[in-house]
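Asker: Using the supplied hints, reconstruct the complex from the two chains, each of which is provided in its own coordinate frame.
Each protein sequence line maps, in turn, to chains A and B. Sequential numbering of the first sequence, starting at 25, is according to the working numbering. Sequential numbering of the second sequence, starting at 51, is according to the working numbering.
Quick caveat, the hints were computed from the structure, so don't treat them as lab data. You can take every hint at face value.
Residues on chain A that point at chain B, a partial pick, calculated with CB under 10 Å:
(1) N113
(2) I165
(3) V166
(4) D172
Calculated pairs, DSSO-like style, for lysine-lysine (alpha carbon to alpha carbon, straight line, at most 27 Å):
(5) K149(A) - K329(B)
(6) K413(B) - K358(B)
(7) K123(B) - K395(B)
(8) K377(B) - K429(B)
(9) K121(A) - K322(B)
(10) K441(B) - K121(A)
(11) K121(A) - K311(B)
Yeah, the Cβ is synthetic: ideal placement off N, Cα and C, and Gly gets one too.
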Amino acid sequence: MSKREHSKESRKTFRVLIILSAIIVVAAIGSIYFLQPETTLVEVEPKTNDADAIVNGVHVGTGFIDAPGMQETINNCTNCHSAQLVIQNRMNADRWKATIRWMQETQNLWDLGPNEDVIINYLVKNYPPSSKGRREGLTNIVWYELKD
Amino acid sequence: MKRRFFIEKATLASMSTVLGAELVFGAKMPEGYTPLALQDPNPFELFSLDNRMSVLNNKPWNIEAKAHLLNDKVTPNKYMFIRNNGIIPEKIDVTSWTLTIDGESVKKQKTYTLAELKSKFKQHTYQLTLECGGNGRSEFDPPAKGNQWTIGAVSCANWTGVRLRDVLEDAGIKSDAVYVGYHAADVHLSRNPQKEPISRGAPMAKALQDETLLAFQMNGEDIPVAHGYPLRLVAGGWPASVSGKWIKRISIRNKEHDGAKMGGSSYRVPCKPVAAGEKVAEEDMCIIESMPVKSLITYPMSGAILKKGKPLSINGHAWAGELEVSKMEYSIDFGATWKNCSLEKPVNRLAWQHFAAVIDFPKEGYYEVWARATDTNGKAQPMLVPGWNPKGYLNNACHRIAVKVV
Chain A
25 MSKREHSKES
35 RKTFRVLIIL
45 SAIIVVAAIG
55 SIYFLQPETT
65 LVEVEPKTND
75 ADAIVNGVHV
85 GTGFIDAPGM
95 QETINNCTNC
105 HSAQLVIQNR
115 MNADRWKATI
125 RWMQETQNLW
135 DLGPNEDVII
145 NYLVKNYPPS
155 SKGRREGLTN
165 IVWYELKD
Chain B
51 MKRRFFIEKA
61 TLASMSTVLG
71 AELVFGAKMP
81 EGYTPLALQD
91 PNPFELFSLD
101 NRMSVLNNKP
111 WNIEAKAHLL
121 NDKVTPNKYM
131 FIRNNGIIPE
141 KIDVTSWTLT
151 IDGESVKKQK
161 TYTLAELKSK
171 FKQHTYQLTL
181 ECGGNGRSEF
191 DPPAKGNQWT
201 IGAVSCANWT
211 GVRLRDVLED
221 AGIKSDAVYV
231 GYHAADVHLS
241 RNPQKEPISR
251 GAPMAKALQD
261 ETLLAFQMNG
271 EDIPVAHGYP
281 LRLVAGGWPA
291 SVSGKWIKRI
301 SIRNKEHDGA
311 KMGGSSYRVP
321 CKPVAAGEKV
331 AEEDMCIIES
341 MPVKSLITYP
351 MSGAILKKGK
361 PLSINGHAWA
371 GELEVSKMEY
381 SIDFGATWKN
391 CSLEKPVNRL
401 AWQHFAAVID
411 FPKEGYYEVW
421 ARATDTNGKA
431 QPMLVPGWNP
441 KGYLNNACHR
451 IAVKVV
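Just chain B, with the same shape it has in the complex (with noise of 0.2 Å):
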């Protein structure tokens, strides 16, 4: 299997947040050199990841974090879970990278290069979860289709750019426009170069929230190429697959967009709830739109024994998609009897809440530690599956942690 990531001079940064270590004389590497660590596909060398990440897929990438890993506000790019859906792109260049906003529904198509957006539209920051949409699919039965992501395909960094809406607004909106869609400069799997991996979108509505983003850096610095270098779309609280990587183009809809992966069975669920293993007809399947309530216990890891007497000090995060989480619980006897957590605000909209308890446990023996979010609307997090789908989307039952006191 060879992997080429031809990447122009202009990147030789960005290749060094890659590689985790600055490239010494990397201005005198000859053209169409690939340095060695790229050549090699181990991908905690090529994405600087923690080699605890979970690789579920290596064509296309697909890697996963522990609930252990994430115990940070803000998580950084080595426990931030990789979902690629086609080939990275092999060529970036960031001096003639450019976006258009082009489609129906656009007053006039304008291109911009990286270095107007940045400089003629103001930039903002937000605190942004992205959650995959089939985080937890592999608890579905029957087995649903795809990457059988567990609990960790869940992120929230500090994502900087500019405004979506200040760039479509520039652009000028139709009123008869319905959605955006992306385009993207990442390779399809067949090498066919007709075909889109993805390309997905959202409804303006979510198109000119404030917090949708066209980002260039996250956690304070360029986008890591798995990321999206460098240019992507952050639409916090949606499917992650709306927030498409390496952006090129964004075409305003006078209709549901209707490219690759926004029909058929992906990204999408049934409109009326169906038994287990169902055959659903594609024309009963409807897009989704925000993630449900969810949270994860970060702290402490799984398996912890501790003495008798002693407390337990617990924490995690919660969010809610496009709404906020308002109560967070946690059960020590299997949901017979729940008591509530701290849970701190939102530092911003679509950002993931903190949430802390201290437990006593009432004697010796083996216990699992459940925790439950409520959103706003009083919808909580089930304890078991949620409704099956084709898919496996949507998976937000409880999550739970093995503890033991001796």
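Next comes chain A alone, as it looks inside the complex (with noise of 0.2 Å):
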């Protein structure tokens, strides 16, 4: 065999080895996909933790109520506080205002703008107080069987 032959032959040996090995490895992934177990379908909650979404009439980042008025609270009372510290609250138009002038005074509040009356609104109107008397009742009482 002259020295052209041999690489030819060796050429052509590659060539089957690499047809081969490619081959093997379709095969391999094919098998690997073919003998896993089926594919579920899981069904994927509609994304809810969107900051700006509404859900059930409620604001998803706040927590705010959806109303008229929620969007001016939101730009003007949670850059400092949470919106938390609005909702626990419940204030009636005069007390409210007096907050925001306190605000204003030592907590680095800005002028409110015609945006003050909107957000008294919303808060009034969305947060009332409720009469609570001298002693409320006990409420939302969790009943268990207490062990010893």
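Answerer: The structure is reproduced here in structure tokens:
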């Protein structure tokens, strides 16, 4: 066998080897794919962690009730403190106004301009004070059997 | 909402306390890197709290306990309420941390490193009751302004530190001294560096008490960051806002301290009683000093159902600001009759006291167990919410739990 023939032979062998290994690789990938347990489709909850979404009438990012004045309240009242602090409080218009003045005097709150009335109206309407009297009864009691 | 905590290497141990786990390879953490847990504003992980604690506000952080979580004689960190007026300091370097004593009435302004404070002065440990002035605010009618605390803004932990008196005397107190005021490293909510979130204090008499500490340990460990690491003023029995956290400076004043939240309606109540909802002029508001007598039933949790004929053991804590609790009673008939509880003496002045009783119920049905403490001046807790005030402080109405006998 001449040198040229020899190299031709080896090239042929290489080609066969390459094709063979390619087939093996494809078969291996295929077997991994086909022998896998059947893929089941899982239902994904609609994305609710979008902070600006409204779910059941409530703004996801802040917990504020979605109503006229909410956006003004978010824009002006949640830069320094959380919306939770606003929502916890129940005041009439006068006391909200006094609270805004206090924040302007001591907490760096800016002049709210025409938004002041919009915000106060939103808060008074959506978070009105309820009368509690001198002492409320116990509510939301979670009953459990006491073991000793 | 991005919360950045840049804490120096020196405070890794303390950061581990915040995380509730050791920071493996903490020393190799790249500078400026914030561990994932500190980026995540999950307060239970962030502050190592039990997840039954109630978060009232996440900016600033305000978190309270529930009565049954406070059953331990010494409150562990995981059940300790957190009350913040500003943003927790983002950079705490203990190696360079100093405390300065200054003010009109200091003889010589002095600055101490933490190491100097610890080595120069004798250390003391006391169990001290800290209650937020606004604990119970949620019950006022008309509603009072602020975080709506129910009953869980109270704790009694072991605090270790040096006496404020020893440090003040080392710097020298002029005869005209009236008040001390603290200045701290926390950040105003508006992030305006000119503003302090809170800068309160106490009259000299309180500042000079044995139990008034500059503390660096809580329950035998570094104070958790949320509770004032590395240095906290602790003045038991007074509104917890007197116990300033992250203390950098204490001014000896020749007048009532005039820092943030000393004036207006902050930590003040009407000097004379007012009708609910009445407007009160600023000059008619007086600073709260000692907290009033109060108690909590910490066992069992409200809602217990027990079999007829079975006695019920209850226990809890009682405290009375500057005073002691002299009598503890319970009622199962809405105050028609009262029976005595056993009551322990405090382990030291200003520590809460423990009470217990065994109750027999006469027949099946719905009951409420009401608890009432009386202080050494003969003042007892009211069953109704006491005098209304604009900010809803000092609600010491009796605590009660629901019980069903079947």
